[in-house]
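K.L.:
Chains R and X, in that order, are what the protein sequence lines are.
Be aware that the first sequence starts at 31, since it is given in the numbering used here, and climbs by one per residue.
Be aware that the second sequence starts at 3, since it is given in the numbering used here, and climbs by one per residue.
In case anyone wonders, no lab produced these hints; they're calculated from the structure.
Bear in mind the structure is a predicted one, so any value in this text is a computation, not a measurement.
Hints may contain errors.
Unchecked claim - List of simulated lysine to aspartate or glutamate pairs, EDC-like, C-alpha gap at most 20 Å:
no.: 1; chain 1: R; residue 1: 90; chain 2: X; residue 2: 53
no.: 2; chain 1: R; residue 1: 281; chain 2: X; residue 2: 85
no.: 3; chain 1: R; residue 1: 37; chain 2: X; residue 2: 53
no.: 4; chain 1: R; residue 1: 37; chain 2: X; residue 2: 92
no.: 5; chain 1: R; residue 1: 67; chain 2: R; residue 2: 148
no.: 6; chain 1: R; residue 1: 193; chain 2: R; residue 2: 312
no.: 7; chain 1: R; residue 1: 62; chain 2: X; residue 2: 29
no.: 8; chain 1: X; residue 1: 41; chain 2: R; residue 2: 148
no.: 9; chain 1: X; residue 1: 16; chain 2: R; residue 2: 119
no.: 10; chain 1: R; residue 1: 62; chain 2: X; residue 2: 14
no.: 11; chain 1: X; residue 1: 41; chain 2: R; residue 2: 83
no.: 12; chain 1: R; residue 1: 253; chain 2: X; residue 2: 72
no.: 13; chain 1: R; residue 1: 226; chain 2: R; residue 2: 119
no.: 14; chain 1: R; residue 1: 253; chain 2: X; residue 2: 85
no.: 15; chain 1: X; residue 1: 16; chain 2: R; residue 2: 312
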Amino acid sequence: MPLTIPKEEYVNQGHTACAGCGAALAMRYVLKGMGPKTAVAIPASCWAIIPGEYPYTALKVPLLYTTFASTGAAISGLREGLNAQGKEDYNVLAFAGDGGTADIGLQALSAAMERGHDVLFVMYDNEAYMNTGIQRSSSTPYGAWTTTTPVGLKRNFKKEKKKYVSDLMIAQNVPYVATASIGYPEDLERKVAIAKSIKGPKFIQILSPCPPGWYYNTADTIKVSRLAVESKVFPLYEFKSGKFTLFKPSKTTSIADYLSLQGRFKHLNDEEIKSIEEAVEERWKLLLKKEQN
Amino acid sequence: MALLPLMYVSSETKVMSSWRTTKPVIDYSKCTRCEICWKFCPDMAINLVTDPKLKTPNDRFNALEAPSIDYDHCKGCGICQAECPFGAIEMVREEI
């Protein structure tokens, strides 16, 4: 069979990601699409430790570590520096987790997108601060257990809803915004290729499941990512030059299937699951309305 | 001559096999070379090789590159076994 995604690898073997890591797959797919002429900026996140301790590196492309809050500023500087050297053919990529995008890095991201540098910002969304030990972030969904929202007798699981950074980027009118999933690598590669062809700021949010943080079997990483899309919990959409397109899965599964696979949702009772279903349905209707307008 | 600091070492030199409790074993007689295991491996531990020894009964598949697991870098997550549509991969418990 012909390969459906590019064969070249830009992530080496021997990186220190956990077994079944979704973020490692996300980086693998994104770099396959971006090619060798790419400079990557990574803030504090899981990916800050996955390449390995000094002197090891798992990436075949140049890599810049930045502080948590300054990823957007770092890629702006990289871009302008490369342009000043006449290296316009290089791509600049930021690869930040959900904490470095939705919480701490949000203002630098927003500013970089507003200034209109030719950069791609990838948010790999594992829905908590996984690197420091599963603390709640604003991207953690309603109902999830984390170490800072422990369930216990008082049922203190996360009560707030997830913040959708991709929606914020659409509101900011970024030329290309997309959400993607590692369960559909061909779709992810297509979105990265479109982002590469556009000159200007781009933003892609990738759902990357985390076996230790979400409490599921390491073999189910791809299954969980597919279920998230099929149950409409994580809708895939694209926003390109003002046009919004929503991907409608041909096969749909129930949200209970998606939740029951993960230990972080095992405390939820029927009523709470029903409220999640209602919220997902409401958001889906809103997205459909957005597509029609 | 100026002394240059060591810039970096590729992580390929590290051996990750001690992280594993089960290892995937491919049954080449069932493998159809769809390369889905290669596509979903988070550790890049599945290489595509041309090896005449890895035979299937179907000659059509023998002309294609076969997946081969690099046991130095496989962490034994089991994604390849879960995603193989033909049941050609089995997870075998590691014995010491």
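K.L.:
Each hint: holds or not?
P.N.:
Right, here's what the structure says about each hint:
no. : hint          : in the structure
1   : R/90 x X/53   : 27 Å, violated
2   : R/281 x X/85  : 18 Å, holds
3   : R/37 x X/53   : 18 Å, holds
4   : R/37 x X/92   : 25 Å, violated
5   : R/67 x R/148  : 14 Å, holds
6   : R/193 x R/312 : 15 Å, holds
7   : R/62 x X/29   : 29 Å, violated
8   : X/41 x R/148  : 29 Å, violated
9   : X/16 x R/119  : 33 Å, violated
10  : R/62 x X/14   : 18 Å, holds
11  : X/41 x R/83   : 27 Å, violated
12  : R/253 x X/72  : 23 Å, violated
13  : R/226 x R/119 : 11 Å, holds
14  : R/253 x X/85  : 8 Å, holds
15  : X/16 x R/312  : 48 Å, violated
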